[in-house]
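Undergrad: This is what each chain is made of:
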Amino acid sequence: MSVRTFQRGVFLPHYKEFSESEPISTISLPPEVIIPLQQHIGAPNQALVAAGDKVKAGQKIGESGAFVSAPVHASVDGTVTAVEPRPTFTGASVECVVIAVDREQQEPQWPEQDHAALTKEEIKAAIKEAGIVGMGGAAFPTHVKLSPPSPIDTIVINACECEPFLTCDHRMMLERTSDLVEGAKLIARVVEAENIVFGVEINKPDAIEALEKRIAGENNISVVRLEVKYPQGSEKQLIKAALDREVPPGKLPLEVGVVVQNVATAVAVYEACRFNKPLIERVLTYTGDAAAKPGNLRVRLGTPISHVLKERGGIKGAPPAEDGEIPMPPHLVGKVIMGGPMTGWAQSHLNSPIVKGTSGILLFTPSMVAKTAHTDCVRCGKCVDHCPMFLYPNYIGLYAEKGSFDRAAEWGAMDCFECGICVYVCPANRPIVQFVRQTKREIAAARAAKAK
Amino acid sequence: MPEQEMQLTISTSPHLRSPETVSSAMRDVLIALLPVTLISIYMYRWYAVFLIAVSMVSAALFELLFRKIMKKQATLHDCSALVTGLLLALCLRPGTPWWTVVLGAFFAVGIAKELMGGLGWNRFNPALFGLAAVTLLAPLYVGTTSTFAAPLRQFFGSLDVITQATPLALLKQGLYDQLSLSGLLIASPGGALGETSALALIIGGAYLLYKKQIRWQIPASMIATVLVIATFWGNPLENIAAGVPLYHVLAGGLLLGAFFMATDWVTSPITAKGELVFGIAIGILVMLFRKALGPTEGVAFSILIMNAFVPLIDRLTKRPKFGEIPAKKAAVAPARPAVSKGN
Ligand code: SF4
Ligand code: SF4
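Here the protein sequences come in this chain order: V and E.
Quick note on numbering: our numbering labels position 27 of the first sequence as 27, and the sequence is numbered without any gaps.
Quick note on numbering: our numbering labels position 267 of the second sequence as 1267, and the sequence is numbered without any gaps.
Please keep in mind that the hints were generated in silico from the structure rather than gathered at the bench.
Just to be clear, a hint being listed does not mean it is correct.
Unchecked claim - What follows is a list of derived Cβ distance ranges for each label pair:
1. I1031(E) <-> P329(V): 35 to 43 Å
2. V3(V) <-> A1053(E): 46 to 54 Å
3. K1212(E) <-> W110(V): 48 to 56 Å
Unchecked claim - Calculated lysine-lysine pairs in the BS3-like style (CA-CA distance at most 30 Å, straight line):
4. K371(V) <-> K1212(E)
5. K371(V) <-> K1068(E)
6. K371(V) <-> K1072(E)
Unchecked claim - Heads up, incomplete: computed chain E residues facing chain V, CB under 7 Å, no partners named:
7. H1015
8. S1018
9. P1019
10. V1266
11. I1270
12. T1317
13. K1321
Glycine included, each C-beta is placed from N, C-alpha and C at the ideal position.
Taking the hints into account, I'd like the entire structure generated from these sequences.
TA: Rendered as structure tokens:
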């Protein structure tokens, strides 16, 4: 049985054992949800509600007229208390709808319909209405991705979950195998793709087995076994491994006839088409060596991470929460991350709400916290050896540090997708991803200035 | 949520790091040099200990001193000065006067490394730069041993082996019959500290390869190039019968250069392909030095010369980005994918 992969990349410790065997469980509703109006890449939404309004779970509360955009919905029954900027996971403040959650929640009604009877246009409309975005973290509106200008022959479902610690996609594959396959079929129907390929890393043999059992007898659907290597779940690397096609620099997968969707997104598409259910909750992995009770949790969007911590017993070894205070002793917890350990965002507080793209909450003990001090590049070549885009991270860092952003771009900064491998392997601990972001900002600013 | 006392680290992704650091890599190099160091001490006794101690201590002191003068943080913990000091000592012959060693360390650490901006900015291999500097400035005091060992004799006792003709000199004079292959391989006196045992160097090199601190490209291409040229320079059959190619590999610091000097991170090309080019070029230069020029230290100068060409090699061997190569395959409308069920 062949196991496929891409060139370069790096083997990371898995750290999946904390949560991989925890079935998905549901987190209770918090007293307040904070729903950022913009949770996607694209045009910002306008609020459709104001302070004082009553809202129902699933009600649309933010929308934009633009095509490249995704609406947001109330995730609970409650009363809007404010529409105001609140800090989100990136640290930036974003306009948010704040909802005080009603004690009494009506069981939301999602009328079932025959999703197999929907036309291509109806599916796409349902996806857009449901506000679905890429749930692996990129948060690009899914209906836009499913409107390619050129023909698509294959849908690749990204079931790698290649970042350490994260296990929520794995659990979805086991517990919602059928919904996942149906979602993938709906996605394939929209773009009239003939083939569906599930790319799964071989450290999830039970998921591979479940999927293969489910697709037995179906033509044009297959499971490809992939090596456990980071970043196997990055679109370009995944397409290379699963189909042996290379997406040229600066181009999208549709260039080679492929659309990639991740597991959570496919399940959301199924729910949107089957039940007309908007994206108001998601499954994420709550884990880390400082987490008292790791698990895979279904959480309503807008839930502050503090609520999740409280419900899961807070920090390992620390006393339980009292009067809404979660003890965060500095000797037991050193870092809180939203997202995966390689691409996620460190948090300075626990108030950030969970959004559509939040795949994980990680709690690290101080010993897990990476040192930030760095020295000059010693030209060891490890970053060059491992960069999955075949760039020169050493030169990007060198020139960006000196302020020569054009030179940094020459050595590949604009093609970097910030996977973090170069920083991981660097013995001098060079913050190359930071330099890349800086270069991208500077180059964009220079281009904008020129265009004027 | 009330404000609470938290000390959370805020830093950009990624949040994981490999355990690898510059210090751990340098420590690996020191470990890899241990076998040859021990054999040289076994061969040269106190002469070797003295040389190594003077070299390492002065390398460390010069690093401290230069960084102090330039008001930079001390970096002794990265162990790179110790590596340079040890490598310099291994390039010298027992009985080299102490002040020559100190001068070498001064040029190696002070000039070649710290004045260039510190570890990472040096263009030339520091140890070899130090060796070259003293070879050029004080030629009489490098490479000859009998006279200058004299003052030490009253402390360390006399040692015949240090006055023997070096294997390299015999090699140059074509006196192959006076060379012993097994001696060269396992342990034999004559020459610099680092030339006493090819086997010890190979063990050290293998350790570095195993620890992934160096790639195979430089040592392999350097050694292969020397083997080929040594075979075909003159009558190949006679050369092979006399074992000439092997002598060229085992003698004269070639292995020390191939595993420990040319592979220096800072002063070698950044890609594996560049390293192949680099290794082959060094191999050619080494043979030119040995065959055509006088009794200078060919390996050291060959590596230093190629150090200067590293930026050029990097630029010439620049690889295409992901997706840039198979333009043909990707550009045309994709053929039906080769999707087979449950493969
Ligand atoms: S340069 Fe970018 S793509 Fe390459 S390893 Fe670094 S973060 Fe990843
Ligand atoms: S890994 Fe770090 S030290 Fe090594 S070449 Fe890259 S940037 Fe330089």
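Undergrad: Hint by hint, say whether it matches the structure.
TA: Here is how each hint holds up against the structure:
no.: 1; hint: I1031(E) <-> P329(V): 35 to 43 Å; result: 39 Å, holds
no.: 2; hint: V3(V) <-> A1053(E): 46 to 54 Å; result: 53 Å, holds
no.: 3; hint: K1212(E) <-> W110(V): 48 to 56 Å; result: 54 Å, holds
no.: 4; hint: K371(V) <-> K1212(E); result: 23 Å, holds
no.: 5; hint: K371(V) <-> K1068(E); result: 25 Å, holds
no.: 6; hint: K371(V) <-> K1072(E); result: 20 Å, holds
no.: 7; hint: H1015; result: 5 Å, holds
no.: 8; hint: S1018; result: 5 Å, holds
no.: 9; hint: P1019; result: 10 Å, violated
no.: 10; hint: V1266; result: 5 Å, holds
no.: 11; hint: I1270; result: 5 Å, holds
no.: 12; hint: T1317; result: 11 Å, violated
no.: 13; hint: K1321; result: 5 Å, holds
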